[in-house]
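K.L.:
Listed below are the residues making up each chain.
2 protein chains.
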Amino acid sequence: MSALRFPNLPPSEPQGADLLAQERANTTFSIHEVSAFLYGEVYLERQERLLSVIENEPAFDKSNRYFRGRTERFAAALRKDHALVKLSKELQWSPEEYLQAESLIDEAGPFGLHRGMFMPTLASQSTNEQLEKFLKPAQRYEIIGCYAQTELGHGSNVQGIETTATYIPETNQFELHTPYLTASKWWIGGLGKAANHAVVMARLITNGKDYGPHALCVPIRSMEDHTLLPGVMAGDIGPKFGYNTTDNGCMWFDHYRVPHISLLAKYSSVKPGSGEYVKPPNAKLSYGTMVLVRASLVGAARQGMAKAATIATRYSAIRRQFVDKDSPKMLGKDVIETPVLDYSMQQYRLFPIIAAAYACFFTSKDMMRLYHLNMKNMETGDFSLLADVHASSSGLKSLTTTMAASAIEECRRACGGHAPNVTWEGDNYMITQQTGRYLFKSFRELVAKRASGKFSASQINNPTLAYMNTYLENPTLKCPATSASAFHNPELQLAAFGHRASSMVAQIVHALDVEKRTWNSMLVDIYNVSVAHCQLILVQNFILGIRGEMPQPDGIQPTVISAASKEALTDLSDLFAMHTIHKQPGEFLTSGYLDAKQISLLGEAIMDVMEKKVRPNAIGFVDAFAFPDYLLNSAIGAFDGRAYERYTEMATREPLNRTEVVEGYEQYIRPFTNPMGLKGHTLRARI
Amino acid sequence: MSALRFPNLPPSEPQGADLLAQERANTTFSIHEVSAFLYGEVYLERQERLLSVIENEPAFDKSNRYFRGRTERFAAALRKDHALVKLSKELQWSPEEYLQAESLIDEAGPFGLHRGMFMPTLASQSTNEQLEKFLKPAQRYEIIGCYAQTELGHGSNVQGIETTATYIPETNQFELHTPYLTASKWWIGGLGKAANHAVVMARLITNGKDYGPHALCVPIRSMEDHTLLPGVMAGDIGPKFGYNTTDNGCMWFDHYRVPHISLLAKYSSVKPGSGEYVKPPNAKLSYGTMVLVRASLVGAARQGMAKAATIATRYSAIRRQFVDKDSPKMLGKDVIETPVLDYSMQQYRLFPIIAAAYACFFTSKDMMRLYHLNMKNMETGDFSLLADVHASSSGLKSLTTTMAASAIEECRRACGGHAPNVTWEGDNYMITQQTGRYLFKSFRELVAKRASGKFSASQINNPTLAYMNTYLENPTLKCPATSASAFHNPELQLAAFGHRASSMVAQIVHALDVEKRTWNSMLVDIYNVSVAHCQLILVQNFILGIRGEMPQPDGIQPTVISAASKEALTDLSDLFAMHTIHKQPGEFLTSGYLDAKQISLLGEAIMDVMEKKVRPNAIGFVDAFAFPDYLLNSAIGAFDGRAYERYTEMATREPLNRTEVVEGYEQYIRPFTNPMGLKGHTLRARI
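Each protein sequence line maps, in turn, to chains A and B. Numbering-wise, the first sequence is residues 1 to 687 according to the UniProt record's numbering. Numbering-wise, the second sequence is residues 1 to 687 according to the UniProt record's numbering.
The set of hints was computed from the structure by calculation and includes no laboratory data. Using N, Cα and C, we set each Cβ at its ideal position, and we do this for glycine too. Any given hint could be a false lead.
[What the hints assert, rightly or not] Which bits of chain A does chain B cover? Going by a derived footprint, with three or more residues having C-beta under 8 Å, they are: (1) 173–186; (2) 223–232; (3) 313–326; (4) 583–593; (5) 652–664.
Here chain A stands alone, though its shape is the one from the complex (with noise of 0.2 Å):
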């Protein structure tokens, strides 16, 4: 019950919910189609049968989500993922409908590193007896595990990780320890409270020889009571950024002996006794597993920049503010307040970030697709592929979770710091090396090649070194554009990107090779030239996945769609490549292919394509995304546009609502406004 009642009054007019039917009535294409097109009709329709399930569920109930604190926070969560394990056991649910279920309740809970982490490392890289002995429980959950790398004092560089796990030869075991605080394991999701198991990256020595990381999968907590075991100590690192459901932890380890199957063993193994070491067959195994983990965080960053992009833009079309003078919008014979959607500047926050999500789709796709075949590949001994598919994930990520972190801050505050909040963790400027690397190799490699005199372009098999040699043939070609209307031309769009980043790699190629610049020195470029790269990526595939050009994994058809939809996405596409260049033209114009006047005609462009195309059909772009309201969860966005009705229920729910007077008020208000306590409403009660 809340002591906060609202009047029964309605917001003034229009109503949101006549402002929204209005925007789908002006859409230009068929929503379900787009929606069909982006998903197929089988995701929808299991997302509509999850749903009555999951909608029912008090487990899953998200409306006290936004108010709790940590510790109740943790505890929802904790009973919500031991709801949906109970209930995907009693439905049988397959993967794919335990994942789409997982992610219409959204929220990350303690058991989320088990299957995530735990899980795939235990299948990629156990012997059958571990299989059996570990994968086989844990897939019951009668074991829940956790991925135990990340130290205290090591993240991103795995090889210096301090934990040791010692071969005891007489007694068959391996002997964890942490030498340094340092070493402490640090950030480990589910390991706080939940997990009983850990997989552990440690330092493996055997006959006093360091072989660097390996991955033992440990027990950690008494099966039968939860308690930490003898030499064992762990707990939760406290609260993080966005990410409080989670029991991220903490370990270390005292002289920890564990079985000699604990050793991962698929790959490198010691031999009992002897503790002779037995190398991998290829270090080049263990790549594909990371590039899954980068892949799918792309469609995660394309997920979080949609719902974001969907609940500001129906907002935006609500939510009304100052008249324009230049074109007042009526009402019957009232001037009203123009929807904020319709000011320019508001359009130039939001309508990027909707072509954005839209972007990212296709290539988020098209790394699947990429890391499934060169999975099969490598089973055959293929490794042509794992450079590039390593480089461009690497990138895709890199960029891809920075572009949906500013797109979804900018969201919120285009709502004008209404509307709930994302962070997505981990450095992205690391990462982003091993693409530069990449590219650097592969052009040194292709100008070797041309200069060899035995090269024909017929021998490139490969997107990257098309584009590269596409600029090596004339390396000051200039762009033709000489009005805003020629940028509406994906052919001139690929072009632009390809020269910028074929032009950087030139450069920075010059600059280690040729004045012997050191690597350090040149951090800031890669950085650059890896945006630079995986721009043009997502640039060409929404290009191809709009025509339905994009390569399809053996044996799948593309989707067709009508012309209205394509005529509507090409929209976007031509918006999200024409701002990518507009919003940091530096580059383009240093590369040469674009000049000042160009950037000034792309600039109209841009406001060209926002009003007359994509304002129209802004709505119907961001329902096409097909989130429910039950996954967005929030009052302002969701679809009926009843914003100021559900913002103020909202607020009857927070708890110090509970009470009319505060807690608090004897001893820290009265003893100012009234010490003496007096009483009588004449006090100061009606002045």
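The hints should help you fit chain B onto chain A, whose structure is shown.
P.N.:
What follows is chain B alone, placed relative to chain A:
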């Protein structure tokens, strides 16, 4: 008591304290001298004195701040505000002392808006009778107030608010009423739970005519027992991002009558009985306080950036990761990991933020001087400064808080996710239109004057006209720089910023006046021109501030600093100017002043000044901000460099660690892991 204990082990070598000591020994200037240059000795001594009191008051303890949920945080903030008022009365603090103490405690509380908005509004808009009746008891905290302007449906556009205050001649009262749900007062700090009075902005209606928004001071809660008065409904709006210690509230009125004296009547009033409206002598008189609020936000933005920079820079000197193979670090004979502060990418992320925090300092100082000067002028009827000050403060509020928000977030990410977070609220786009409008008006007037034939440059008495005039003298001027070192030249930097801002103004004025483009279609350009103008102000004040050439308030002597400090600070101002250009070079290029080759040279100059000049002084620069550990409340950014020790100690205070086995184990984990409740460590304890 915590169930989590850490091993009695040091971090691995080298220790953070030793690394920071070495950094400080390498600093080329006196840290204390620069602190005193920024704040003055009086401020620094007062800080020491206040700290010794504050750190010993339990209500101001910060150690559990990050662990509390909203309800507990609000309770603690109420206790804190109570203790602060009580202490300030006992120790008879001056307003400066109170503000400085509040800034050390650094947490918004329920009484904050009473002091920040309620009392200042009363002070500036009350008659003498109202000062006695409202302001005096407010100063004693008998009246605790809030400022109720924003409504659920109306933020930036004050003219659009819907709450009415209708004069009732029969009883000589005003009747406050909420006609629509959208007219509910919303987002009002202190209203939710703490305030017993409110300044309410409502449309004044008398004799059937609507005179627009006016301020009334009205009681809302009983002085006897704090219950809501009949006709008033109020409560808290719920959790907010980064502001959960304040009871931002909502309120609606049901035909609520208040006496005639409630209407704050210094400038405009309603005659008792006849209800005749008396209009204010000059509508501009209320602008002064808005300038004050905006100018003080520039200071708050600087404070936020400086705090984040302090934490991130210290931690980056301690945090080591990977080995830089081109220049490996040694500890005795061992190669150790390189401190991340030595990587050029980390420098590119952090050093411009240090520079920006210094840049904002000088401008914040000058805005306060201009505010006071303008207030003094206005009292004598001189409004000549008002437009310039109002335009600059609007644009600077927008620019510097946006800079701060992204700088703080960048610092947080640069710590690998370990740093605390701050977000700045409010829309930063709307407000810049005021800056644009002023720039266009100034430009048009200047062009007209120059065309009149009666113009001489000596007539120019205002910095905005000065840079625009320089541009008009030669709109096709080119930057003469041909080497990286040429950019280490303040005059050249100022010329670049002035040319760029002027050429943008000229273009927009042309679009509006000649091409007849609509205001709405130009909003993006208007936002950008406000940024350009305000960046010029920041660069200019930074340069003049270091030189001791900033205009001073009457009777105040500029602080003089040693050559070493001046040189070090000039490195920072070079970096700020050069990095600001280099990060977004588009407009500098399209203005024609700089060319692509020069942007490249600028990049070299930046890398050079960061590596050779700023890196050795980085810790010195942030130490000179003089933030005590109590204020920072950061495990990883404390002065002593014991980052890992403090961080682990902090984790032991996490409430989830009070018990070893998590609450909920029996209900949500054991049913999976040990459903039969089997006993014995053999169960699966040791595999």
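K.L.:
Are there three or more residues in the segment 313–326 of chain A whose C-beta lies closer than 8 Å to some C-beta of chain B?
P.N.:
It holds, with 7 qualifying residues against the three required.
K.L.:
Per the coverage rule (Cβ-Cβ under 8 Å, at least three residues), is the segment 652–664 of chain A covered by chain B?
P.N.:
holds (count 11)
K.L.:
Against chain B, does the segment 223–232 of chain A show at least 3 residues with beta-carbon separation below 8 Å?
P.N.:
Our answer is that it holds, as 7 residues pass the Cβ test (under 8 Å) against chain B, meeting three.
K.L.:
For the segment 173–186 of chain A, do three or more residues have a beta carbon lying closer than 8 Å to a beta carbon of chain B?
P.N.:
holds (count 7)
K.L.:
Closer than 8 Å Cβ to Cβ for three or more residues is the test here. Does the segment 583–593 of chain A pass it with chain B?
P.N.:
holds (count 6)
In this structure, none of the earlier numbered hints is contradicted; all agree with it.
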